[in-house]
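Asks: Each chain is listed here by its residues.
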Amino acid sequence: MHGRHEVLDWAEEGRIPPGDLRRALEVAGALPDAPAWRQFLDRLLLFAGTLLLAAGVIFFLAFNWNELGRMAKFALVEVLFVAALVAVWRIGIERVAGKAALLGAALFTGALFALIGQTYQTGADTFELFAAWAAAVLPWALVARFPSLWLFWLLLANLAASLYVGTMRSTLWVFSGSERQLWLVFGLNTVALFVWESLALSGIEWLRERWSTRVVAVASGGFATALAVTDIVSRHAGGGLAAWAAWMVAAYLLYRHRVKDLFVLAGGVLSVVVVVSTVVIRHFFRVDAGAFLVVGLLVIGISAAGGWWLKSVAAEEAK
Amino acid sequence: MSTAETWGRLRQAGLVQGEVPQRDGVRSPWFVRVMLGIAGWFGALFLLLFVGMGMSFIIKNAAAALVVGIVACAVAGALFRKVPENDFAGQFGLAVSMAGQVLILFGIGDAIGKNIAPVALAMAVVQALLFWLLPSYVHRVWAAWSGACALAIALADMGFLAFTPALVLVAFAWVWLKEFDHAKQGSLVRAGGYGLALAAVVIAVMQGDLSIAWILDRPKAPIGGVAGVWIGAALTAATLLWAVVQLLAREDVPLESARGKIALVGAIILAVATLKAPGIGPAVALLVIGFANGNKVLAGLGLITMLGYLSHYYYSLQITLLEKSAVLVCTGIALLAARVALQRYWPEQKEGASHA
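Chains as they are written, first to last, in my numbering: chain A, 9 to 327; chain B, 42 to 397.
Note that these hints are calculated values from the structure, not bench results.
Worth double-checking, as some hints may not be accurate.
[To be verified] Covered stretches of chain B (chain A as the covering partner; in silico rule of three or more C-beta atoms under 8 Å from a C-beta of chain A): (1) 301-309; (2) 335-344.
[What the hints assert, rightly or not] Which chain A residues face chain B? A few, computed with CB under 8 Å, are given here: (3) F68; (4) F71; (5) L262.
Just so you know, even glycine gets a beta-carbon here, dropped at the ideal spot from N, CA and C.
Turn these sequences into a full structure, and let the hints guide you.
Replies: Set out below in structure tokens:
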């Protein structure tokens with residue numbers, strides 16, 4: 009859908025008669041027509057149905073209902089799992105219903121692993137559940153060409169990674185506590201972002217949906233910011249600040265010049281606001297009122313300058 | 042499609058005249074405004090700490106807090122009006138006004154006393170006034186959100202907690218369904234609409250479990266008891282149905298047609314689920330109304346809210362996991378069945394491929 013903002017602006021400026029706004033939006037193609045509505049309803053019913061059904065099954069297993077024997081529970085999950093895979097096979101992975109069925113199969117896989125752990129008390133750590141789940145879903149993600157499934161896979165990998173650090177405290181002694189978790193998830197999401205953007209730039213069409221890349225960029229940049237803040241607050245040079253600076257430079261070069269994504273740049277501005285005010289508070293700070301005023305004005309100044317810069321970049325790109 | 046092409050289409054349809062208007066400024070994308078809003082709030086916190094530590098007499102004295110708060114909001118209003126294009130003045134005004142509102146809250150709280158409902162009601166009125174008087178888009182989103190939340194807190198404290206989700210959802214749906222009827226005040230309507238959308242996320246989807254219980258500390262016995270809770274949920278469900286019926290009327294789709302029936306059946310399934318999973322209806326309303334108005338940001342918010350609600354639902358304590366799982370499984374199967382009906386009675390037309 010296009011032209012929504014322009015038409016709304018023109019209407020507000022009085023260039024379009026007030027009673028004609030809706031028609032103008034229709035003419036501009038900014039409102040959904042009958043085929044678009046059909047597609048929307050189709051996907052809403054399909055994905056909401058799949059998601060609620062799968063979530064319901066997971067909730068059911070989590071309840072651990074004693075009235076139902078273990079064999080019946082296994083049968084239930086396995087039947088659903090096989091049914092989802094049969095649906096993928098019959099419908100085909102290229103069609104949207106096939107993708108939804110695959111998403112359902114991916115969710116049932118996790119339910120099955122959780123049920124195994126719950127029933128046999130294997131002594132496995134929680135991270136192993138998520139790692140096994142991620143490993144099982146990986147081949148499907150590789151063939152499905154479906155960004156949502158990749159995001160789901162990345163979520164599983166993130167959970168496995170952060171739980172792993174929690175478990176393996178003694179073996180990964182180089183970093184301390186939550187900082188190790190941060191480094192691991194930062195590394196994971198940054199590699200994912202790098203690979204994703206490289207493949208998208210090399211011309212893989214289905215990876216070019218910006219919203220999914222933005223989710224990964226928010227995770228990667230968010231963890232970079234958290235690393236920098238941890239470094240500043242704990243007053244030790246763990247490399248977090250350097251990693252953040254490198255991330256910011258790389259993101260600027262990539263998103264200002266190659267990919268041109270203002271969303272990530274706006275996130276970068278917010279990250280600068282957070283990091284700079286943390287530095288000021290930590291290093292130049294005696295607890296007095298004046299310092300708070302300085303930090304407050306600094307936050308306002310940096311964000312306003314950032315807003316102004318982003319607007320001028322937007323203007324440049326609009327030309 | 043470029044701006045010139047859009048203009049050309051409108052001119053061809055006889056909706057506009059003359060050449061493409063040249064724009065002097067560029068609108069900030071929604072995420073830049075979100076960034077500014079977050080940073081503004083962050084800045085306001087530090088300004089408040091400055092006032093709290095450097096001029097603590099202001100916070101300790103109700104009248105002083107009120108006066109300084111009102112002056113701060115007036116300064117912000119003057120900045121928004123005098124230099125609307127200046128980014129620095131805008132951001133400074135936002136932070137100063139937010140800090141001023143907290144001072145007004147201190148002042149009102151001191152003056153009225155410990156009762157939550159009157160203080161929250163007074164704050165709702167203050168936010169409504171600021172919404173009208175302070176012409177800044179980001180500030181209006183904030184004022185609409187915080188005003189709606191203040192009103193919900195007041196109602197909850199008076200025992201109407203169960204009815205607040207339906208109320209905020211009706212307000213949200215009504216504003217967005219009327220979006221195109223107020224062409225000249227579009228920015229104002231949309232700022233209010235986004236504020237109400239965020240309020241619906243907090244109050245109707247997440248059910249304010251965290252915030253309201255934390256603020257109220259001791260929620261009063263709800264009016265109507267268990268029946269009241271059911272009536273509240275039924276009103277939320279009815280709001281979803283009402284919004285869908287309104288949309289069908291707007292799109293000229295008769296209720297008796299195959300399309301109308303399928304849309305209505307889908308809405309009824311989700312409305313029934315809303316009775317036991319109260320966040321589903323509001324999240325779907327955000328998604329559907331966003332799509333209907335061609336607003337991707339609103340639709341995206343609905344989608345994220347839906348996913349967030351499912352994990353919130355897992356932990357909410359009203360019913361057992363077994364009951365929740367039954368609700369979700371039945372709803373899921375019913376929705377998939379409705380999709381089969383859609384494929385059967387509203388087949389895809391290959392030649393009329395959507396341009397959307």
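Asks: Quick check on F71(A) please, does its C-beta sit within 8 Å of some C-beta on chain B?
Replies: Holds, about 4 Å.
Asks: Let's test the interface hint: is any C-beta of chain B closer than 8 Å to that of L262(A)?
Replies: This hint is violated: L262(A) lies away from chain B, its Cβ roughly 17 Å from the closest one there, beyond 8 Å.
Asks: Mind taking a look at whether chain A covers the stretch 335-344 of chain B? Criterion is 3 or more residues with CB to CB distance under 8 Å.
Replies: n = 4 at 8 Å, threshold three: holds.
Asks: Residue count check for the stretch 301-309 of chain B against chain A: does it reach three with CB-CB under 8 Å?
Replies: holds (count 3)
Asks: For the hint on F68(A), just tell me whether its beta-carbon gets within less than 8 Å of chain B.
Replies: holds, 4 Å
Comparing the model with each numbered hint stated earlier shows that hint 5 is the single one that does not hold.
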